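*Asks:* Let the sequences and hints guide you as you build the complete structure.
Residue numbers (the working numbering), protein chains in the order written: chain A, 1 to 202; chain B, 203 to 404.
Derived from the structure by calculation, the hints contain no laboratory data. Hints may be right or wrong, so weigh each one.
Selected chain B positions facing chain A (Cβ under 8 Å, derived; list incomplete) [what the hints assert, rightly or not]:
id, residue
1, Ala265
2, Ile266
3, Gln269
4, Gln315
5, Gln316
6, Asp318
7, Val336
8, Val355
9, Ala362
10, Gly366
11, Leu380
12, Met382
13, Thr385
14, Ile394
15, Leu396
Where chain B lies over chain A, by a calculated footprint (3+ residues, C-beta under 8 Å) [unchecked claim]:
id, segment
16, 40 to 51
17, 70 to 84
18, 112 to 119
19, 181 to 194
All figures in this text were calculated on a predicted structure; none of them were measured in a lab. Note that beta-carbon positions come from the ideal geometry of N, C-alpha and C, so glycine has one too.
Here is how the chains run, residue by residue.
Number of protein chains: 2
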Amino acid sequence: MSKKSYHHGDLRAALLQAAETELSEKGIEAFSLRGVAKRAGVSHAAPAHHFGEAKGLLTALAAIGFQRFVETQQRRQQKAPSNPKAQMAAAGLGYVDFAMENQALFRLMFSSQQPDKNDATLNAASSAAFDKLVKDIQHIGKSDPYHDSAAMVDVMATWAIVHGLADLLIAGRMKSLLNMEKTDRETILSEIILRNCSFNSN
Amino acid sequence: MSKKSYHHGDLRAALLQAAETELSEKGIEAFSLRGVAKRAGVSHAAPAHHFGEAKGLLTALAAIGFQRFVETQQRRQQKAPSNPKAQMAAAGLGYVDFAMENQALFRLMFSSQQPDKNDATLNAASSAAFDKLVKDIQHIGKSDPYHDSAAMVDVMATWAIVHGLADLLIAGRMKSLLNMEKTDRETILSEIILRNCSFNSN
DNA sequence: AATATATCTTGACATTGTCAAGAAAAAGCC
DNA sequence: GGCTTTTTCTTGACAATGTCAAGATATATT
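*Replies:* Given below as structure tokens:
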């Protein structure tokens, strides 16, 4: 941690932190590994030892992203009423909220070719996010999507609509939604998220 | 056109063609301007005169993408029954189809920061694509989304679900859908696209 | 304390986007 | 037709980037 020390102490964590800052400031397309090193106050080749190539750093960052992604949804759900539909809406709003507040990271997680899709940690984190969605649907529909193909269609439909909203919002499309106050926007988003459910009969 | 001619004849078109090939082969994150020039058989600085910086070439390519995007949907609609719901499903399937067969181009159009969003041609092309969606919805619901906010919510919901499906499919997520035959997949996609409509009562 | 290992730096290389200057072809002009 | 002007493309250069190899320095091991 001291200024002149050859050894940093916890450079790995510092690099991840710096990488996230670099990502959110420069965007994913102008992201630079040397820029990350500069932010962390180390030489340009320092990241290599901890993460190998740039891919490695971005893979680790994407995994962290998925963890925080789930946490954001859960925090949102804790503040919401405990009935299944309110919980579903809260999870969806958390999904969109995360995307809007971590645009470049969201893009890294869902739209980038950089992260290594064979990485065990990343796969575990993204699978956890998917499983959470499946369980939330199951909670409403009572049947397990993994064993009921109709329920799995519900999962895909719900995922698609929430993801589509998130992706179009951060792309700057959907201006009518972007131009309103956050609370108004979330009212409409909730409506869109819930109307989609075939299990609306509940 | 001849091998040794200093002047190409129609380099601008050739560069756009080469850029699309480069894009689909290398992906948007490994896209190289010098690679495009090499494909067109021209020096590395030749593109500059026609498109300025790399941004310019990608902006022009994105605009062309939006035009073909609309055409793909229209071709699909021509083959479908003329009732509004079948037309809506056809447009949605065209949307997804375009994304899957032009993955990198689709990413350039919707997820990239490169294209200049102030470019008149690009804005005209992307607005045309949006207007087409609005009209298709209007065709079903009978009310103009531009004057009926409830209808505009229908537009956003429909757009989101179709876009979400497209984006998640080309991201390699939604494996259960990717692993099936195209016809089976499209059956489910149609169902998802249509179920979303609040105007389902029709 | 001596050696071994892990961690970081330095220097180099090929590749990339961009710019400036110049060459070649086409067009304009008499 | 010859001459100039303009457009189109090439060449050469520059800084920035990712990656690699070799070396320097701190920590761990014995």
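*Asks:* Hint by hint, note whether the structure agrees.
*Replies:* Structure-based check of each hint:
1. Hint status for B/Ala265 relative to chain A: violated, with the closest Cβ pair at about 15 Å, above 8 Å.
2. The beta carbon of B/Ile266 comes no nearer than 19 Å to any beta carbon in chain A, farther than 8 Å, and the hint placing it at the interface is violated.
3. The closest approach between the C-beta of B/Gln269 and any C-beta of chain A is roughly 17 Å, which is over the 8 Å cut-off, so the hint fails.
4. At about 5 Å, the closest approach between the beta carbon of B/Gln315 and any beta carbon in chain A falls short of 8 Å, and the interface hint on this residue holds.
5. Taking 8 Å as the C-beta cut-off, the interface hint given for B/Gln316 holds, the closest approach to chain A being about 6 Å.
6. Interface hint status for B/Asp318: violated, as the beta-carbon distance to the closest one in chain A is roughly 13 Å, over 8 Å.
7. Taking 8 Å as the C-beta cut-off, the interface hint given for B/Val336 is violated, the closest approach to chain A being about 11 Å.
8. Hint status for B/Val355: holds, given a least beta-carbon distance of 6 Å to chain A, under 8 Å.
9. With 8 Å as the threshold, the beta carbon of B/Ala362 comes within range of chain A, its nearest partner Cβ sitting at about 3 Å, so the hint holds.
10. Restraint check, B/Gly366 versus chain A: the minimum CB separation of about 3 Å is within 8 Å; hint holds.
11. The criterion of a C-beta within 8 Å of any C-beta in chain A is not met by B/Leu380, whose closest approach is roughly 11 Å, and the hint is violated.
12. The interface hint given for B/Met382 is violated, since its Cβ lies 11 Å from the closest Cβ of chain A, which is over the 8 Å cut-off.
13. Nearest Cβ of chain A to the Cβ of B/Thr385: about 16 Å, over the 8 Å cut. The hint is violated.
14. Because the closest C-beta pair between B/Ile394 and chain A is about 5 Å apart, less than 8 Å, the hint holds.
15. At a threshold of 8 Å, the smallest CB-CB gap from B/Leu396 to chain A is about 11 Å, leaving the interface hint violated.
16. Only residues whose C-beta sits within less than 8 Å of a C-beta in chain B count toward coverage, and the segment 40 to 51 of chain A has 0 of them, not enough to reach three; the restraint is violated.
17. With 0 residues having a Cβ less than 8 Å from any Cβ of chain B, the segment 70 to 84 of chain A misses the three-residue criterion, and the hint is violated.
18. Restraint check on the segment 112 to 119 of chain A versus chain B: 4 residues with Cβ-Cβ distances below 8 Å, three needed, restraint holds.
19. Evaluation of the coverage hint for the segment 181 to 194 of chain A: fulfilled, as 3 residues show C-beta separations to chain B shorter than 8 Å, against a requirement of three.
Hints 1, 2, 3, 6, 7, 11, 12, 13, 15, 16 and 17, counting from the list given before, are not met by this structure.
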